[in-house]
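Chains A and B, in that order, are what the protein sequence lines are. Here the first sequence stands for residues 1 to 123, where the numbers follow this note's numbering. Here the second sequence stands for residues 124 to 857, where the numbers follow this note's numbering.
By construction, these hints were calculated from the structure, which means they are not laboratory data. Among the hints, erroneous ones may be present.
To be clear about the criterion: a stretch of chain A counts as covered by chain B if any three or more of its residues have a C-beta under 8 Å from a C-beta of chain B, and this derived list gives those stretches [unchecked claim]: (1) 10 to 18; (2) 81 to 95; (3) 108 to 118.
Bear in mind that the values here come from a model prediction, so they are computed numbers and not experimental data. Don't be surprised by glycine CBs; every beta carbon is placed ideally from N, CA and C.
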Amino acid sequence: MATSKTLLIIDDDEFLLDIYKHKLTKEGFAVDTAKDAEEAFELMKKNKPNLIILDLIMPGMSGFDMLEQLKATTGLSKIPVIVLTNLGQEEDRKRCLELGAKEYYVKTATSLQQIINRIKEIA
Amino acid sequence: MRPFFRIGIAKQFIFLFILIFLIPVLTLGGFFAIEVFRVKQQNTTELAYAAKLQKDRVEEIVLAIIPDDNSKVVLDAKEALTRYQSDPTPKSFSELNSSLLNIQKSNNAYRRVSIFDENGIVIASSSDSDIGQSYIDREVFSRKTPTFGFREFEWGRRMLFGYYQVGDFNIKIDLSSLIELQETFSALSQTGEIELVRDNFDGSVELITPTRFSIQQGHLSIPLSVISSPEVRSVNRTEQTYEDLVDYRGAHVYAATQYIPSLDWGLVVKKDRTEILVPISNLRTVVIFAVPLSVLLFLLAGLYLKKNIISPIEKLTQTAIKISRGDYSKRADLSFKNEIGELAKAFNSMSDELIDANQNLEKRVSQKTAQLQRTLKKIKEEEQKDIALLSSIGESVIATDSKGNIIFINQSAEQLFDVSRKDIVGAPVFGLVSLRSGGKKVERNFHPVTQTLRNRVVIRSKEFEFVRREETLIFEVTVTPVEFGSDIFGAMMVVRDVTKEKIIDRMKSEFIFLASHQLRGPLASLKWYNEMLLNGEEGKLTKGQSRFIGNMSNATERMIKLVDDFLNMARIERGEIKFEPSQVQIEKVIQGVVSDLKEEIEKKSIRIQFENLSRTQTAYTDQGMIREVIWNILQNSVKYSPVQGQVTVHLSDKEGQMYIEVSDQGPGIPLESQPHIFSKFFRATNIPVSGTTGTGLGLYTAKRLIDRMGGKIGFASTQGKGSTFWISLPIKKK
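All chains, full assembly: derive it from the sequences and hints.
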């Protein structure tokens, strides 16, 4: 079960970052966190993650734009992305999946366990 | 009765008269002209023919009497003369004379044959008595050309031996045959005449034969300058016919000319115009007399007609016109003793009756007028009341006729559209109330007024945008047809400016939307912290800790649901949810919702009873929306059901609509709450009693969605026994 796969989590909510880090480290992942897209791209220059967890509403570049940029960047385009957001509309889900997201979860509608299971499947 | 009609009849008669008069005159004139042409044609042809004939005969006659230079007698005479001059003996003289006698005898027309010297003295002759005489005309002699007298002419030829002239040979020829020729022609006509003409080469022509009419003796000569003379024309060496020439007598003649080349003579055959035109002049007399006579007759007939028919009709007409203008005192003239007199009588009696009728009518009209004025006054009062009523309404009212043209606009509308009533009445309403929907102009065809007028439907509280001075307003428009029996008179439009309310509403929705998003983040943290704690990830929990955190988890879930409902509602209100209908399998949707609610259903041991649920039953609706509606209703039923209660889901169809009924055995809805059940944030008065939780948004959301889908929602409830909620949806696309 132990794995050294790296996850990059991008979210501006400190509490959530704390939860992700705590829980996923416990699950055996190496976890990097970023508060915005800029920071995330900076991190990825040094350490390419195996999977990205992305929020949509963030200061600066939006999650949609970041997703689009990821998919357009050589070397990063193949990294699977799970969108984890507060936006619950069908259009947002559709748009993200079209942009290449692997999975789309509304935070409040999903249990932590569900997310962990999916990450394990994908990463 | 228009005055020109009166003139008309006289004009018509004049026209008719002229027509009747013109026809015979024109016919006569035409006939006359044709006849003139025919007679002229006939005569010129005849004259030309005669001229040709005469020419031939003249040539024949003249050639027969003019001696041939080479005939034996002439040669004998020459020889005898030569002999006599070379040897002037009595014998040779006698021989010369006898040879001349021989010439004379050779032709019946020769009267005398003689030879004279250069002085005109006869030196030899067929008649002895002439010898030594000098009776030859000097002039003729000097001209040395044949000279013609009347009835006879003298022919001469110079006698030459070598270049020496020995004398003139002269033959006197009888011309009676030529004269006869002329006389035979004269017998055929009273004025007909044949003339033989010779050019004198001295500016004049000369008639060779005696003229028929001239008493003047000797040759008649005419100067060449008299070009109207047929005699002058005849020597121009052509064949011609002439219709209007003047001959030597000064008489107008028709003439034909011929040229006789062998003699260098002209020949004229002519006839007086008066003689030619005798048959025509008779006709002309008829015409000259007939025309004025007929004019006179027509004039008399016209006068008669005017006196007896036209004038009476005119008088009668004038009387009629006066009566028609209200002068009933006028009476028609009765003095005419024909049908017109009768007509006048009938007319007068009619006028009398008219006076009676008119007086009666006046009385009745004044009665009716008074009545009408009373009614009008009443109507006006009513109308003013109506207008006052409409004007004082706070909402803007515009009334149109059946074509959509404005007939009334109240004060409020004047202010709203910034127009004045007197300027806008009569204009089409589509121009004034130019509505927009979703930012696009509503075309005239889809304008609510058009729809109401066309389909006679009431358009109720429909929202439109309206741009006024670059500011977009939101109008709530209601249009009602104005009908009377089966006719549609127009439409009444009530416009409410709901811009401010809408702006507030929108701000509210946006606030809720944003707030909800901000709430979801912390709620997710709470949810997941609880989840981790409850899973014992931070160590085993005590019973009390477990219960507390469990309650925190429930509270968090409730808040999450509340936020979800807020978000949903805000989206519905902002019109963000799109209606995308298709044939939806309702059974599948219901089963999905039931499976979603499984946890709650099992917790309360509620039995779900399905009735009449067919797998294939579909409705034409939006899958997501109907799921939301059914979820809300079913969740309510489960929530308010007692433990071990039964929830029944029943499906049926009626008149193209599918009915979904959900019944529970819950506490029911109190009567006083029933009218508000679909209102926002409303919760029934008895709810705290049953201790359930809710946002008061479920049924509100369901109602809004059902409205969007074109369905209906309703309920029946008895307090203490339970409630049945039903929804209806169209089965097929319309």
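Hints versus structure:
1. 10 to 18: It holds, with 3 qualifying residues against the three required.
2. 81 to 95: holds (count 5)
3. 108 to 118: As far as the region 108 to 118 of chain A goes, the hint holds, because 5 residues have Cβ atoms under 8 Å from chain B.
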